[in-house]
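In case you want the letters, here they are:
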Amino acid sequence: MQTQDAITPGYAMRPKLNYLNNGTTLKSWLLTKDHKRIAIMYLITVSLFFMMGGLYAATIRLELLTPASDLLETGTYNKVFTQHGILMIFFFLIPSIPAVLGNFLIPIMIGAKDLALPRINLLSLYIYWLAGGMALWALMQGGVDTGWTFYTPYSTTFSNSYVMAVGLAIFINGFSSILTGLNFIVTIHTMRAPGMTWFRLPLFVWAHYAVSLVMVLGTPVIAITTLLLAIERISHVGIFDPSIGGDPILFQHLFWFYSHPAVYIMILPGMGVISELISSFSRKKIFGYEFVAFSSIAIAVFGFLVWGHHLFVSGQSMYAGMVFSFLTMVVAVPSAIKMFNWAATLYKGSISFDTPMLYGIGFMGLFLIGGLTGLFLGAIGLTVHLTDTYFVVAHFHYVMVGGQVIAYLGGIHYWWPKMTGKMYSEFWGKISAMLVFVGFNLTFFPQFLLGYQGMPRRYAAYPEEFQVLNIFSTAGASVLGIGLVMPVIYLGHSLIFGKDAGDNPWLLPGLEWRTTSPPPTENFAVMPVVTWEAYEYGEESGLDVEAAKRRLAVEAAT
Amino acid sequence: MSTHETSDKFVYHEPGLQHQFEDMGQQEESVSIGMWAFLAQEIMFFGGLFTAYLVFRSKYPMAFAAGSNHLNAFWGGLNTLVLIVSSLTMALTVYYAQKGNRNMQVILIMLTMFFGSVFLGVKAIEYTDKYNHGIVPVTGLNKVVKADTKSEHAEVKEKPCYEVSHGEEEEEYVNPRGEFQWKDCSLVKLAQDHNYLTSAEKIGYFSNGEIDADKFRDKVRIFFFLYFVMTGLHALHMIVGLGLMTWLLWTAWKKYYSADYYMPVEMSGLYWHFVDIVWIFLFPLLYLLGRHFMH
Amino acid sequence: MQNTTWVPLFPEQASTFAWQVDALYFYLIAVSIAFTIPIVAAIFFFSLKYREKEKFATPEEMHGSMVLETVWSIIPFVVSMTIFLGGAIVFFNQYTPPDDAMEIYIVGKQWMWKAQHETGQREINDLHIPVGRNVKLTMATEDVIHSFFIPAFRTKADVVPGRYTYLWFNATKPGKYHLFCAEYCGLNHSGMGGWVYVMEQRDFDNWLSGNVSGQTPVEEGRDLFTNKLGCASCHAGGPAQRGAKLENVFNTDVKLVGGGVVKADENYIRNSILNPASQVVEGFQPIMPTFKGQVTEEQLNSLVAYIKSLSPNAAAAASANTAAANKPVAKPAANTAAANKPAAKPAANSNK
Ligand code: HEA
Ligand code: HEA
Ligand code: CUA
Ligand SMILES: [Cu+2]
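Chains A, B and C, in that order, give the protein sequences. Counting from 1, one number per residue, gives the positions in the first sequence under this note's numbering. Counting from 1, one number per residue, gives the positions in the second sequence under this note's numbering. Counting from 1, one number per residue, gives the positions in the third sequence under this note's numbering.
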């Protein structure tokens, strides 16, 4: 079978052309239909947006070092956190894992040459660029100050900032996300290699299937909402503006009808990555595969029913509030199932602590806290006190940064050898993972305490008794910042000086590890036929463990 | 999918088969699933607007009825008919594509395009009418009518708004800045007399217990705003549809399709039917609901 | 607020349902710990115990367990239902105002809270309430959404344009508590707040019938200006401010919209506060609300005194002109009061 030589790492005859050097002109990149190249272009853009968002975050933390609004004026501060939120959510976190890792890996993982609709894939990248460019233009013109939630009537009538331009940018960006999701759905349905049944799919693919459902069904709603918002701003028709008959709460319903499911767009791919990491680095089949797979779908579906938990104190009816609180509790259960299955997977494994696994374990701890504090916020009587305080800020950073960003970093490290063919420095990788973990907790844990004390969010100036905890938070952010800058350096370094990674550095059974690193343009020299179960480490997987061990011995000797 | 193992560059590729697929079956399945997912997306897209429509319709039924009454059900009905027929011609196009009958295909595509254009033409007539009557809900996008010194119209103005009967506002009016115009609030009076104002309306149309023409106008404006956004987006979809048809016409003319390969025709047909169906919902919601109040 | 610990972890419990919210909080913390400990312990324990002994080992295969899956689906579900129930009960208490509550009307406005008591007393960015009484707030807003938030009472509610929303509480402890605006409302969102004063019934009655304060006029004026009346929300200084600059304005000539010029004396300042629209400073919009009926005469005096103190030189010069002694800022207040007397009369009459 073809697997044998594909697995023998390093020693296999490497084809001269891989996706990276198959065409070197700018045009060959910009007009490519290769999902891997598109993923790389996403990677670069998304990272730039992350850095910008991070710079805004640093500015926020510096301003909050002291109680008075002394570093920034309140107006500037308002723009800073708004733009931080918008860039991070719409232009970084939502595309992060799906558009980079999903794009790169899904076709390889299911044994296809490409996504089903490669031109649509390229189109989605261009739409993203267009939207991103437009957002940046708007920020340069003067920015927005509405908060990332754009609540009306402030955004429609009172704000003097570039709400319309940014709204339209988000509208356009939505289509990028829709097309990506659509492409994944089609690909996963039709492009699976022979033998790759639904229940042999890696959980990463399952998670992306669930995410794609949300992207395709949720995103159009935010698109139409921002469109209405933008039109309302020019035409002053009262859809949302109460002074002429509109309904500001309708906006909140429409906004959260998308944006709550969107938070699952922001975590499900991360969960997919974690399933891979946990299983790979304990060299065990994931515990309760079907449950983990279906819980992704359950999260995606139930996620559409709970948007009202963002409106507990907005004046919606008391009974609506209770129903949404109830459903919020229900949607937490599938996440719980995942947590338990991950932990159980470690049992009797053979666990190694390479950098990606550090991120994987970090994720479990941080998402646990983030998710549990989500329950605090879902308990309606408690949220009345907590909503719009720093407790919420801490909750969503725990799930978004502690969850998705950590998973994203873990994934980048994990598949880096596959994407580039090079190995980064394990030493610096570990240091940076630890710094991120420590810095992150130091930044955001104090914010739970601040929130319970009552410090409202989006405050440029705050009463003095909150200062001590804010100092902790700012200090933590500095550590976190350092931890996050390091990968940029050592990963960049590895591109040129890194040692050859080999095709399968960790000897893993997934299809992506059975092609060369970096993979050729059409992914496999010979198209695979799958005869083994997902996460199969035993004989059936066809992995040549003995050869790999011998290789290790040779390496150790030299 | 069984050709996997033998697949490489030297395998014979059917026309229209793209490089990432193994065979036509796979490609067609992909395109079809993609199209359905796209349509699901479209449903959610229009769904947001329908939600907004329902919210405001239930808050301000009288304002919406007043707005509805002003739309011309004849044009709307004609357009409905035109679209239904175009759906038929589209379905026949697919049928003849499957049969591999090029000439019928070309004829039917042209017919479909013809009906599509009629639809858009009627829409243009309707929009122009709104423009002339000053009921485009955006200031500045209406016909500008400079103040006229002839004083006949002053009388119309002095009547209480609920006695301005329907149609009267079609006379010359003054609108120097192209603002949204709405004078008739007879329906409010009607509803007040028969006691079926909603609680939102009781606040929304009145100031100090009197019917407030301005406040009522704002609510009617919401109706027209939704009317323009919904029909506008629908018309945009029609235009995209016509673009698709043009391409289809070209490729059909070139004998691109055969009994073995007619996927693009089928998919374009799916899209065309979807756009028709949206109109089937728009027409009663915008043109018909609340008509009985007028008579 | 409390000032005992250096990092206060909890705001004071000062309303009847505060303890319920806290209890719910502790329950959730307990639940969190109960789930965290086993999970984290398992991760730690497995990580140590099953640490790889040999590279590329293939551990024994394990199959899922239906029993386990069921157990760990049902337990979280049941626990989460208890959380839901607890939350719903507390919420029900928080949002069902009792019938016998005394009512206070609240209006939110960028960026101040205006309160009016049933007796007609008005206040801005402050709320005085008696201890141990049910208080119901009926709230509206003039512009955007705000949110009335008193951490010590563990309650808040958004104030939504175009409708009334309600909030109620029963304060249990006299004291001074933070009042915040919790819904982002634009430029000065973080400045939109003040204090809630919970007083014994007797003190509250006193307060209703008139203010007692032991402050000098300038101090009181500053307090009124920055906190109680919210002048600072427009006149705080800095380039983004919406109101005219008040520093060094006293005794200068002010250009008005429409071409007039007036000298900014005490009368002018007083008139600017009571009838802002009558003399609008050039380059500004007539957006300043009138404070007629909201400031007592004493308060007006203090305000004028404070605004004068913002112009140390001019005030001194003016004082010198009237042949008064060149005293530090606080003192000339006496002069101010004197100077104000004649002007105060007609205004007081017109109020009636
Ligand atoms: C990645 C993003 C992400 C994720 C995954 C989540 C997950 C959850 N969120 Fe969060 N949330 C946000 C991002 C996210 N959230 C953002 C951005 C906001 C604020 C937006 C803004 O206003 O700006 C927000 C705000 C927010 C609110 C509104 C707060 C407010 O403004 O008043 C609420 C209220 O219910 C809430 C609840 C939840 C719940 C119950 C979950 C659940 O899905 C969590 C489930 C996970 C677990 C529960 C942990 C694992 C389980 C166990 C270990 C077993 C024990 C479990 C049980 C006993 C059930 N979130
Ligand atoms: C994906 C989402 C995401 C991410 C990753 C972050 C990351 C961070 N956020 Fe963010 N945050 C939001 C989403 C996110 N945030 C949202 C949605 C809001 C609400 C906005 C609103 O209210 O409207 C918010 C609000 C918010 C607030 C509250 C503001 C307020 O309410 O007044 C604070 C305060 O501390 C904060 C802090 C931080 C910090 C310290 C980080 C850190 O984790 C950031 C760390 C990153 C870096 C430090 C940059 C990394 C550096 C490199 C990659 C190196 C390259 C750079 C150079 C060489 C220059 N955020
Ligand atoms: Cu008012 Cu924030
Ligand atoms: Cu949510």
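Wrong hints could be hidden among the right ones.
Here are the simulated lysine-lysine pairs, DSSO-like style, with alpha carbons at most 27 Å apart [unchecked claim]:
| # | chain 1 | residue 1 | chain 2 | residue 2 |
| --- | --- | --- | --- | --- |
| 1 | B | Lys215 | B | Lys202 |
| 2 | A | Lys499 | C | Lys53 |
| 3 | B | Lys202 | C | Lys55 |
| 4 | A | Lys348 | C | Lys55 |
| 5 | B | Lys215 | B | Lys146 |
| 6 | C | Lys53 | A | Lys348 |
Honestly, the hints are just simulated from the structure, not real lab data.
Hint check:
no.	hint	verdict
1	Lys215(B) with Lys202(B)	holds (11 Å)
2	Lys499(A) with Lys53(C)	holds (25 Å)
3	Lys202(B) with Lys55(C)	violated (77 Å)
4	Lys348(A) with Lys55(C)	holds (15 Å)
5	Lys215(B) with Lys146(B)	holds (24 Å)
6	Lys53(C) with Lys348(A)	holds (12 Å)
The structure is inconsistent with hint 3 alone, although it conforms to all the rest.
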